[in-house]
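There are 2 protein chains.
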Amino acid sequence: MAEDLRDKLGAQHLPLRDQVLAALRTAIINGDYLPGERLTEDRLAEDFAVSRNPVREALRVAEAEGFVVILPRRGAVVASPSSGTIADMFAVRERLEALAARLAAERSTPADVAALRTLLEQGREATEQQDLRRVAELNSALHLRILQISGNPWLSSIAKALYLHVQWVFRLGAAERAPHSWAEHIQLVDAIESGDGERAERAALAHLDAASAAAYENAEGGYGAAGG
Amino acid sequence: MAEDLRDKLGAQHLPLRDQVLAALRTAIINGDYLPGERLTEDRLAEDFAVSRNPVREALRVAEAEGFVVILPRRGAVVASPSSGTIADMFAVRERLEALAARLAAERSTPADVAALRTLLEQGREATEQQDLRRVAELNSALHLRILQISGNPWLSSIAKALYLHVQWVFRLGAAERAPHSWAEHIQLVDAIESGDGERAERAALAHLDAASAAAYENAEGGYGAAGG
DNA sequence: AGATTGTCCTTCGTATACACTTTTCCCAGC
DNA sequence: GCTGGGAAAAGTGTATACGAAGGACAATCT
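In order, the protein sequences belong to chains A and B.
The first sequence begins at 2 in the numbering used here and counts up one residue at a time.
The second sequence begins at 2 in the numbering used here and counts up one residue at a time.
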């Protein structure tokens, strides 16, 4: 039943539960499973062609990550981020990514900066070509890269999780803001390259503030429908 | 076998996996399971008098929370925080708790402040009586309460998780610093009561900086042995 | 001695069973 | 037609067993 998955990934020692978790996260972020939707274990097991056990383990982690809510004896439902938590998420992200920008500025090697510049260039091209999907990808890649350059694994993993949630809620809105966003990205990378932590932090804050404002505008009304 | 647990908590619909997770966290933080120690599923199942299933689910979440490391096909071991990650943890905590202090100052009700003052008073008493264990408890309670008052669930849950890890690594050191720490706490609560977010943030930063310095001093050498 | 083999331990995934709870739905009564 | 009760269905929570796969470690062979 799960042989296709097994042959493809099992050889790399990737436990099924991790594949299920990744697939579940993706499905939720993509809107395949909408907020509030009920996720019965049997159904997920069938969807992913595995037994209940890997599904259960993946669900627990997904709960810890905030993608699903599990009610005792009632099962799991896809989490429903409220507009309140959107502002809350950005408030935390702002602090975290500002710190990341500062650390990145202080610790980045020329190679790090070169990698960022490459992403910037690719982002410019994708923007020119109106390839919004790719722009969004590169957007993520840039932010994640800065997090990684910061060299703080806690910061990195927490901010990354937060970033995933932001993407989930504002997938479309974020893509539309892309062109404007890249101008800010250039400022940010310039600041990181300068090695001036203070300046990098300011650039990150400015970027996040703008993103937050844009996201909020796009949120008017429902965000659960962002997937469709 | 698990009847004692069942009768006590099962009636409250608390799944075994949650009990196991809580017990596991506590055991790790208390040093009952030392960093690097191997945690086989059978052993945990026996320790907690449950079957392997709840144990497995608890382990996955514990991994997501950073308390254990799971190697595919090799099993789980208690995580070993390195000195690098200690500084990293404090760097993130500083930003997060500073934000929490600001938000708490801006949003706290008189009742919130009263609750904090009660904790402060209890902390003073415990300090006088040299009851370091209780001081540490109240210390946690105070920080957690401020997080809660901030009204930002993301901030709260992330900072709480981080706080648990700090406690894990520096259980003893934190307790020893207790008396000095409470003077800073009073400053912090005063600032929160004033409603001045800027001031509260500064107080939180000062407190965290001092705690970080103290923790680092106490860390010299090994922290894995903190439990013993 | 060093490489190889073989055994054992443990995890990983599956399957099954069953108790208990929640939900659903039908039906009688108002 | 609507409400309330109660049985049936659905689903979770937990336990258990089993086979497969991988790694660790010791015994064996060259």
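Don't read these hints as lab results, they were simulated from the structure.
It is possible that part of the hints are untrue.
You can't tell identical chains apart in this list, so a pair holds if it fits in one copy or across any two.
Dumping the calculated DMTMM-like pairs for lysine to aspartate or glutamate here, alpha-carbon to alpha-carbon at most 20 Å [as the list claims (entries may be wrong)]:
id : residue 1 : residue 2
1  : Lys161    : Asp197
2  : Lys161    : Glu218
3  : Lys161    : Glu126
4  : Lys161    : Asp43
5  : Lys161    : Glu199
6  : Lys161    : Asp191
7  : Lys161    : Asp210
8  : Lys161    : Asp113
9  : Lys161    : Asp48
10 : Lys161    : Glu129
11 : Lys161    : Glu95
12 : Lys161    : Asp19
13 : Lys161    : Asp89
14 : Lys161    : Asp132
15 : Lys161    : Glu122
16 : Lys161    : Glu38
17 : Lys161    : Glu64
18 : Lys161    : Glu66
None of the values given here were measured: they were computed from a predicted structure.
Results for each hint:
no. : hint             : verdict
1   : Lys161 to Asp197 : neither (23 Å within a copy, 31 Å between copies)
2   : Lys161 to Glu218 : neither (23 Å within a copy, 31 Å between copies)
3   : Lys161 to Glu126 : neither (25 Å within a copy, 42 Å between copies)
4   : Lys161 to Asp43  : neither (30 Å within a copy, 33 Å between copies)
5   : Lys161 to Glu199 : neither (22 Å within a copy, 27 Å between copies)
6   : Lys161 to Asp191 : neither (22 Å within a copy, 34 Å between copies)
7   : Lys161 to Asp210 : within (18 Å within a copy, 25 Å between copies)
8   : Lys161 to Asp113 : within (18 Å within a copy, 32 Å between copies)
9   : Lys161 to Asp48  : neither (27 Å within a copy, 35 Å between copies)
10  : Lys161 to Glu129 : neither (27 Å within a copy, 43 Å between copies)
11  : Lys161 to Glu95  : both (13 Å within a copy, 18 Å between copies)
12  : Lys161 to Asp19  : within (17 Å within a copy, 25 Å between copies)
13  : Lys161 to Asp89  : both (15 Å within a copy, 16 Å between copies)
14  : Lys161 to Asp132 : neither (24 Å within a copy, 40 Å between copies)
15  : Lys161 to Glu122 : neither (23 Å within a copy, 39 Å between copies)
16  : Lys161 to Glu38  : neither (24 Å within a copy, 29 Å between copies)
17  : Lys161 to Glu64  : both (16 Å within a copy, 16 Å between copies)
18  : Lys161 to Glu66  : both (11 Å within a copy, 14 Å between copies)
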